[in-house]
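Q: Please put together the full structure from these sequences, using the hints given.
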Amino acid sequence: MPYPTTPYLHHSDQPHAGPHRPLSQGDVFVDIPLVGAAYRDPKHGTWRAPKPRTGQDSLGLFVTHPCASRSQTTHKLAPCISVAPVVKCPSNWGPPWDGYYNFVPLPSLRDGQDYVAKLAEVCPVSSAALAGKRIACLSQEGLEALFHRLAMNSLRFPETPMHYETEAAKVTNEINLWERWTTRCGTGEGFQDWLDEPFEGQAREDANGSVIEGSREPSGQPRRAVLVWNYEELCEEFDAALS
Amino acid sequence: VSPGDVVALGPALGQIPQRPPRAEGVRVVTRENGRYFDLMPSTLSSYLLPPLADCSLVRREARSAAGSLRFFGNSVELEEISDVLRSDLRTYFTGIAAGLVGVAVGQAAFEVISRLGPLGRTKLEATTAPFTTIDAPNADLVATLAAPDHLAAPALQSSVQSATANPLAPDASVADVATRIAALSDLSDELLADLFKVERETFCRWRTGVLTNPRVGNRRRLGLLLGLLEDLAGREVNIKDWLLNSTSTPQGLTPYQLLEQGRIDEVAFRGASLGEPSVARDPRVAVGHEPEPLVFGDDDIWEPEPLDDDEK
Numbered sequence: 071m072p073y074p075t076t077p078y079l080h081h082s083d084q085p086h087a088g089p090h091r092p093l094s095q096g097d098v099f100v101d102i103p104l105v106g107a108a109y110r111d112p113k114h115g116t117w118r119a120p121k122p123r124t125g126q127d128s129l130g131l132f133v134t135h136p137c138a139s140r141s142q143t144t145h146k147l148a149p150c151i152s153v154a155p156v157v158k159c160p161s162n163w164g165p166p167w168d169g170y171y172n173f174v175p176l177p178s179l180r181d182g183q184d185y186v187a188k189l190a191e192v193c194p195v196s197s198a199a200l201a202g203k204r205i206a207c208l209s210q211e212g213l214e215a216l217f218h219r220l221a222m223n224s225l226r227f228p229e230t231p232m233h234y235e236t237e238a239a240k241v242t243n244e245i246n247l248w249e250r251w252t253t254r255c256g257t258g259e260g261f262q263d264w265l266d267e268p269f270e271g272q273a274r275e276d277a278n279g280s281v282i283e284g285s286r287e288p289s290g291q292p293r294r295a296v297l298v299w300n301y302e303e304l305c306e307e308f309d310a311a312l313s
Numbered sequence: 003v004s005p006g007d008v009v010a011l012g013p014a015l016g017q018i019p020q021r022p023p024r025a026e027g028v029r030v031v032t033r034e035n036g037r038y039f040d041l042m043p044s045t046l047s048s049y050l051l052p053p054l055a056d057c058s059l060v061r062r063e064a065r066s067a068a069g070s071l072r073f074f075g076n077s078v079e080l081e082e083i084s085d086v087l088r089s090d091l092r093t094y095f096t097g098i099a100a101g102l103v104g105v106a107v108g109q110a111a112f113e114v115i116s117r118l119g120p121l122g123r124t125k126l127e128a129t130t131a132p133f134t135t136i137d138a139p140n141a142d143l144v145a146t147l148a149a150p151d152h153l154a155a156p157a158l159q160s161s162v163q164s165a166t167a168n169p170l171a172p173d174a175s176v177a178d179v180a181t182r183i184a185a186l187s188d189l190s191d192e193l194l195a196d197l198f199k200v201e202r203e204t205f206c207r208w209r210t211g212v213l214t215n216p217r218v219g220n221r222r223r224l225g226l227l228l229g230l231l232e233d234l235a236g237r238e239v240n241i242k243d244w245l246l247n248s249t250s251t252p253q254g255l256t257p258y259q260l261l262e263q264g265r266i267d268e269v270a271f272r273g274a275s276l277g278e279p280s281v282a283r284d285p286r287v288a289v290g291h292e293p294e295p296l297v298f299g300d301d302d303i304w305e306p307e308p309l310d311d312d313e314k
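Keeping their order, the protein sequence lines are chains X and A. Numbering follows my numbering, in which position 87 of the first sequence is assigned residue number 157; successive positions increment by one, without gaps. Numbering follows my numbering, in which position 40 of the second sequence is assigned residue number 42; successive positions increment by one, without gaps.
Wrong hints could be hidden among the right ones.
To be verified - Stretch-level coverage of chain X by chain A, calculated; a stretch enters the list once three of its residues show a Cβ under 8 angstroms from a Cβ in chain A:
1. 231-239
2. 268-275
As the list claims (entries may be wrong) - Now the in silico label distances, taken between C-beta atoms and shown as ranges:
3. A/S275 - X/E306: 48 to 56 angstroms
4. A/P308 - X/D181: 38 to 46 angstroms
5. X/P112 - A/E307: 12 to 20 angstroms
6. A/P308 - X/A198: 17 to 25 angstroms
7. X/D266 - A/S175: 37 to 45 angstroms
Read the hints as simulated data drawn from the structure, not as lab findings. The model shown is predicted, which means the values in this text are computed figures rather than measured ones. By construction, the Cβ of each residue, glycine as well, lies at the ideal position given by its N, Cα and C atoms.
A: Right under this line is the structure:
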């Protein structure tokens, strides 16, 4: 699949991009502690861990899928998140970003300069260290591209099944609504409960394409189950709930 | 018999054609004037135009039309068609009139032609098809006239291959997208309309280009459904059969029923594993149960590194 030129939804040079948006897969952070692979000390022959990378040049990409990075009941972030270190793009690689599937391109991430996330060096980062440190989060299109990169890197799975699109849409739409909830309410509390409530249904349209008032019928599904197909209707319910 | 009635077909109803039917093709006899004609493979070949691939519009509109439609040479005259239907039909026939021969037909002809659309697309199979005599005294005619089973699959496959060989442009029109959805899925306008919670006529008008401005949500949903169907087409599955008949969910729902409920992500998930053993989604994720914490041994401990001398 073609890699998007601008894969970001929120993007800023300094943290915290999208301040009310919950942290999620595809987010890019700055000034987070990254640990590298242990190396054998040439002098003593023992294994030693490199000094953790920190500071303004310590960037990382949130790799873990939301289902794995958050509690299914409390929806709080797991204590530890998988993060791929992000470094400046090698000078001999660029669009259309063919090959090198162990790198996730992050075009124009900082100061107009391209960066890449190194999937071969994914490391654990305490979720507490991520708070307030985000400089970018991926759009739905960017998230789909990330899925493809992850599959190619881990499995050499070349297809881009529709599952990627619906999964990216599901994640993006949920986080979008969650962000709006937090912006409006000042807290994310209550959002997940709202999402588990029954969907009120999609209004029918007449032969001219006009909405038939009062034609909504609940489908028996929770809102969470129709995040992809009925996002517009969920937004209407969302606005009604918070009005 | 009023114009527009479902006509009798074939000799079974006593309206015997004046000469024996040909060995292949389909004979159509109209009740309104007793005339008949044979739709032969050579004639069918002139109907191979893509717009005829899904003639459910014609079939349904003709059923509710009060009058008959007449073809003259390369043109079509619409008679006694309500204003509501006129624009749809006119738009539709503009696309196919060039291939039609000069024969007067009533509703039955439309019924038959509409059902022969998919059949006609596979000319090779059509030329070997046996003659079909149909006794259809009521509105079940359409179902009775469906192309023989042995022809349906190749026609569908041909449609799917054609659709996947020429992917739509990103800025394709609503009509293009809806037409491609109908071709790939082989579902009726009514079934497709139900997915979008619109009237059947609305989906017809999207497909024929009469209505070009679906609401934002449905415009997006058209793209989503097309993406799903193109994905399925690439997996060489009989899409219609899979959508309507496979029941791999714990609740026994078909993919079409899941789509009706707005669960396209679930359908896409199932589609991704077509041809492979079914992979069940972890139900705990769906219902929000926390998985039971796993208990690791004492090898899962990170000991802090001793501080260097200058850090003490």
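Q: With reference to the structure, classify each hint as holding or not holding.
A: Here's how the hints hold up against the structure:
1. 231-239: With 7 residues closer than 8 angstroms to chain A, the segment 231-239 of chain X meets the three-residue bar; holds.
2. 268-275: Three-residue rule met by the segment 268-275 of chain X, so holds; n is 5.
3. A/S275 - X/E306: 48 to 56 angstroms: Given range 48 to 56 angstroms: violated, Cβ gap about 34 angstroms.
4. A/P308 - X/D181: 38 to 46 angstroms: holds, 39 angstroms
5. X/P112 - A/E307: 12 to 20 angstroms: holds, 18 angstroms
6. A/P308 - X/A198: 17 to 25 angstroms: With Cβ atoms ~24 angstroms apart, the hint holds.
7. X/D266 - A/S175: 37 to 45 angstroms: Since the Cβ atoms of X/D266 and A/S175 sit about 38 angstroms apart, the hinted range of 37 to 45 angstroms holds.
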